[in-house]
Amino acid sequence: MPRRNDIKSILIIGSGPIVIGQACEFDYSGTQACRVLRQEGYRVTLVNSNPATIMTDPEFADATYIEPITPEFVEKIIERERPDVLLPTMGGQTALNVAVELADRGVLKKYGVELIGAKLEAIKMAEDRELFRKAMDRAGLECARGGFVNTLDEGLKIAESIGFPLIIRPSFTLGGTGGGTAYNFEEFTEKIQHGLTSSPITQVLIEESVIGWKEYELEVMRDMKDNVVIICSIENFDPMGVHTGDSITVAPAQTLTDKEYQQMRDFALRIIREIGVETGGSNIQFAVDPKNGRVLVIEMNPRVSRSSALASKATGFPIAKMAAKLAVGYTLDEIPNDITKLTPASFEPTIDYCVVKIPRWDFEKFKGVDDTLGVQMKSVGEAMAIGRTFKEALQKALRSLEQGRFGLGSDGKDAVEVDSLSEMEKIEWRKKVLDRIKIPRPGNIFYLRYGLQLGISIDELYQATGIDPWFLYNIKQIVDYEKELKAYRV
Amino acid sequence: MKPSKFKKTERSPVTSEILRKAKEYGFSDRQLAEIWEMKESDVRLLRKKMNIVPVFKTVDTCAAEFAASTPYHYSTYERENESIKSKKKKIVILGGGPNRIGQGIEFDYCCVHGVMALREEGYEMIMINCNPETVSTDYDTTDKLYFEPLTLEDVLNICDHEQPYGVIVSFGGQTPLKIAKALEENGVPILGTSPEGIDIAEDRERFGLLLRKLNIKHPKYGTAHTVDHAVQVAEQVGFPVLVRPSYVLGGRAMEVCYTISAVRDYMKKAVDVSPDHPVLIDRFLEDAFEFDVDCVCDGKDVVIGGVMEHIEEAGIHSGDSSCVLPPYMISDKSYSEMIEYTIELAKGLNVLGLMNVQFAVKDDTVYVLEVNPRASRTVPFVSKATGLPLAKIAAKVMAGRTLKELGCKDFDFRKMEHVAVKEAVFPFAKFPRTPVFLGPEMRSTGEVMGISKNFGESIAKSQIAAGNTLPTEGTAFFSVNDNDKSGTAVAIARGLINLGFDILATEGTAAFFLKNNVPCGKIFKVNQGRPNSVDYIKNGKIQLIINTPLGEVSRNDEFAIGWAALEHKVSFITTLSAAAAAVKAIETEKAGGMSVQSIQEYLGMHTIA
Chain A
1 MPRRNDIKSI
11 LIIGSGPIVI
21 GQACEFDYSG
31 TQACRVLRQE
41 GYRVTLVNSN
51 PATIMTDPEF
61 ADATYIEPIT
71 PEFVEKIIER
81 ERPDVLLPTM
91 GGQTALNVAV
101 ELADRGVLKK
111 YGVELIGAKL
121 EAIKMAEDRE
131 LFRKAMDRAG
141 LECARGGFVN
151 TLDEGLKIAE
161 SIGFPLIIRP
171 SFTLGGTGGG
181 TAYNFEEFTE
191 KIQHGLTSSP
201 ITQVLIEESV
211 IGWKEYELEV
221 MRDMKDNVVI
231 ICSIENFDPM
241 GVHTGDSITV
251 APAQTLTDKE
261 YQQMRDFALR
271 IIREIGVETG
281 GSNIQFAVDP
291 KNGRVLVIEM
301 NPRVSRSSAL
311 ASKATGFPIA
321 KMAAKLAVGY
331 TLDEIPNDIT
341 KLTPASFEPT
351 IDYCVVKIPR
361 WDFEKFKGVD
371 DTLGVQMKSV
381 GEAMAIGRTF
391 KEALQKALRS
401 LEQGRFGLGS
411 DGKDAVEVDS
421 LSEMEKIEWR
431 KKVLDRIKIP
441 RPGNIFYLRY
451 GLQLGISIDE
461 LYQATGIDPW
471 FLYNIKQIVD
481 YEKELKAYRV
Chain B
491 MKPSKFKKTE
501 RSPVTSEILR
511 KAKEYGFSDR
521 QLAEIWEMKE
531 SDVRLLRKKM
541 NIVPVFKTVD
551 TCAAEFAAST
561 PYHYSTYERE
571 NESIKSKKKK
581 IVILGGGPNR
591 IGQGIEFDYC
601 CVHGVMALRE
611 EGYEMIMINC
621 NPETVSTDYD
631 TTDKLYFEPL
641 TLEDVLNICD
651 HEQPYGVIVS
661 FGGQTPLKIA
671 KALEENGVPI
681 LGTSPEGIDI
691 AEDRERFGLL
701 LRKLNIKHPK
711 YGTAHTVDHA
721 VQVAEQVGFP
731 VLVRPSYVLG
741 GRAMEVCYTI
751 SAVRDYMKKA
761 VDVSPDHPVL
771 IDRFLEDAFE
781 FDVDCVCDGK
791 DVVIGGVMEH
801 IEEAGIHSGD
811 SSCVLPPYMI
821 SDKSYSEMIE
831 YTIELAKGLN
841 VLGLMNVQFA
851 VKDDTVYVLE
861 VNPRASRTVP
871 FVSKATGLPL
881 AKIAAKVMAG
891 RTLKELGCKD
901 FDFRKMEHVA
911 VKEAVFPFAK
921 FPRTPVFLGP
931 EMRSTGEVMG
941 ISKNFGESIA
951 KSQIAAGNTL
961 PTEGTAFFSV
971 NDNDKSGTAV
981 AIARGLINLG
991 FDILATEGTA
1001 AFFLKNNVPC
1011 GKIFKVNQGR
1021 PNSVDYIKNG
1031 KIQLIINTPL
1041 GEVSRNDEFA
1051 IGWAALEHKV
1061 SFITTLSAAA
1071 AAVKAIETEK
1081 AGGMSVQSIQ
1091 EYLGMHTIA
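Residue numbers (the working numbering), protein chains in the order written: chain A, 1 to 490; chain B, 491 to 1099.
The shape of chain A in the complex, shown without the other chains (with noise of 0.2 Å):
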């Protein structure tokens, strides 16, 4: 189907000011979707309340409203610009939630107002837990098991049905104050009451823990004609536990076999067709436990994410840009692809080099802030390498994120030289190292490489991390390597 005629004008709701979780991502991707909305000869009217982005600049919208990027104030805007369409898809989380509150005020019914890029019905699907849990089971898939309690004994009724460990989230708490952990039926009783007492509205969530394993992103794009690509696979090197944010992540994916590549890849189509999104890049996310490949769901974006703009600079694929095309219409094999201009955006990308993202976090600025990772993000950047190799693109990846590193280790920088410590020494610096990367911390990656160097075996730190032997066993080649140069000479 060609670009739709219909339609003449065109709203983009931003998504505000840079939050830890929405950053510059989405300047990027509204910036992509004026361009080519504008070039497809659309009217596009913007609304984003922050001054910083390029988005904003006059020239890249028909009408920039710089305004608060609530429901009243967009309403205003629909009011005076009357536009054909909202594509909602574009402004993270924001322009999501916003898009929405129209929908279920009636804002859009009464200005007979669209929403292109992902419909009201998918939105709600991916974004409430209880009816998404409910569209994987319609499509055979799996999802972390669990549900939100308000008393005690519905928690105790699901603890007995999954068994432990089992994570408590309380709902609505900054931070995620209250959750945590629980491993018994003392400490799940002690903590979800905590967690109850926390939560405004005195609920919990409960959901069987899958701390450890090991956890995939997909980029999957899909159109009106039902064509689905893959843009990307990313693989996480931190285990599940750690925030996709807070996470190095690396791109394609380096410890799946084909097999179960292709089982995700499938999975990922019939997600993206349950939940209905027909117009555009969804981000799926999955875990998989290392001891059985047991796959599980655990969420979806339906709208371009800080993972799609990864993918996009990882790959070449600029997803917001096509998901933009698709929405007015156009399908994947109508539109040629940005870079060879021969082939449609219907070929998959594929990589021939490896790239390596590395969060970079800013707690020095907050006194007595809790500094270990987890389910919530706490990154203000990121920076990303390329390189032939995981090694390369690793190593020019810490040298990146200009920190004062030059690489992994051996820039005068290092916590510890362990060449020079005596015997005592390296016994307690073995017990630092195993203790300190237990826990997700910034920097743990450098005591990694301070664990090889005292000889602790990639099982043993495995054991204590969960991070995939592969990556571990390629920064132990690094290791051996600089221990190599060592023995020569300039």
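Hints were generated in silico from the structure; no laboratory data involved.
All of these numbers come straight from a predicted model, not from anything done at the bench.
Treat the hints with caution; some may be incorrect.
Simulated DEER-style distance windows between Cβ atoms [stated by the list, open to error]:
1. A/370 x B/749: 24 to 34 Å
2. A/101 x B/510: 55 to 65 Å
3. A/261 x B/568: 20 to 30 Å
4. B/989 x A/151: 11 to 21 Å
5. A/364 x B/539: 53 to 63 Å
Computed cross-link-like contacts, EDC-like style, restricted to lysine to aspartate or glutamate with a CA-CA straight-line distance of at most 16 Å [said to hold, decoys possible]:
6. B/759 x A/364
7. A/486 x B/500
8. A/483 x B/725
Residues on chain A that point at chain B, a partial pick, calculated with CB under 10 Å [what the hints assert, rightly or not]:
9. 55
10. 70
11. 79
12. 150
13. 151
14. 152
15. 153
16. 316
17. 317
18. 359
19. 361
20. 368
21. 380
22. 384
23. 391
24. 406
Where a beta carbon is used, it is the ideal one built from N, C-alpha and C, also for glycine.
Go by the hints and put chain B onto chain A.
Only chain B this time, still in chain A's reference frame:
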């Protein structure tokens, strides 16, 4: 130097195979320098002598199965180079690297504008950056993109290959500036203000000399290496003082000290103090108002992009302070002095491109706090508010155009008929139990703008956009420090009462209000008894909090109030000037009917094509 297992004589000489493999494994020259105990520049020489230089591969979506036309590259150590060098005149812009607090999207904005402007001028534009979130790393933005680290080694490798006409280092924040001097030493032509000019602005002694020469005032300052010396310096410059390490390691905070003992405490905590890394001590101009000025200088003329007045008093980092453009409370005298000083400084530093100056005004005297001859955080805000695309103009000026040619020599931002307010957005909610008060160290992650025809509405919009929705009725709770027990506090409380609010206050503040005939109720501080202020907040009995702590802010009371406010989403204001602005905003909200208008409409008369 680290001890090596091998004695030097036992080691065999490194071969090109060994070195090549090290590079294939991603080892940087800096790491190799450390391993072989030599200088980074010598590793580079050795590498070049052995002909081990990177090649640039193309990101082409198809693993080279089809020909790719988009020049998006990364370096690696292999044989075949895929980045074809054109014959066009090239300019490289260095990006800002990963986002962090203090260096974020604003610099990406400046880089992208630089690229757009100089493409218009016919240059081939090359972008180097390693942040995947940005527009600058969208290969659609530039003629050529190198997705590479912004270290000296990586940038030099690209410059070796591309041989650019010039490199712009002043758009990407601190990141490219850190390597500017070394790039220049390696023969890379730097466009814009010279690294020398940048150095003068950053070196206290040299900058002090320039200010004295230009007869421009600055707050008294000194440097100290020991605890006793610090006390001495503090007494010389006069309390209160702003103390900070000259060498910021791990982000040791700046602090405002009011007493000798506070200075001693600070110095004891500042573990990095040494002859190489002294502590800087500045007179802190209390109750002063701060201003930011952004300008572009072409070596001859200076165009002022805008003057912004900070809403919060001095002492709060300019990135965390809200500000208004044009200024709303300033005398004509101070205003013209600021403009005059800005022009003199731009010329004095031989600025070619952007410059930002921070001023403090106290008792109608203008002091210079800081000068940065580079793109500042406020450039996009000023450009959006006034329609003058500062970064684009600066880029063109760096490439040799004049302000006169660009038609913006006579731009006057004061002709604007609207008011723009910038408000900062903080991540406190993500970091439970950390102090939520603003200070001299920047902690905001982002910003919003409120724009309208009047101050009150712009403030109201900025607050709503930042998620600090102000209440229009209910109870306002005051707890202000002794310095703030002033006419301003009384006026704010009266303003709120006129808007229908009830007032509650802690003991001292309540006594002060009652003495000034402001009707108010009295409640306990956290440690005075129950129910106290935090109980009131938790029970939904307080809708607005005005709490101005003094000095060391980690005291339990304020801490508890701050967190209760965040958790229960109660508006929380920590300075009187912000409170006064909030009263204006509440007035506007109560009057209803805030309107929206596009930026194109606001800028109709000011946009420069």
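Can you list which hints this structure breaks, lowest number first? Violated hints (numbers, rising): 4, 5, 8, 12, 13, 14, 15; every other hint is consistent with the structure.
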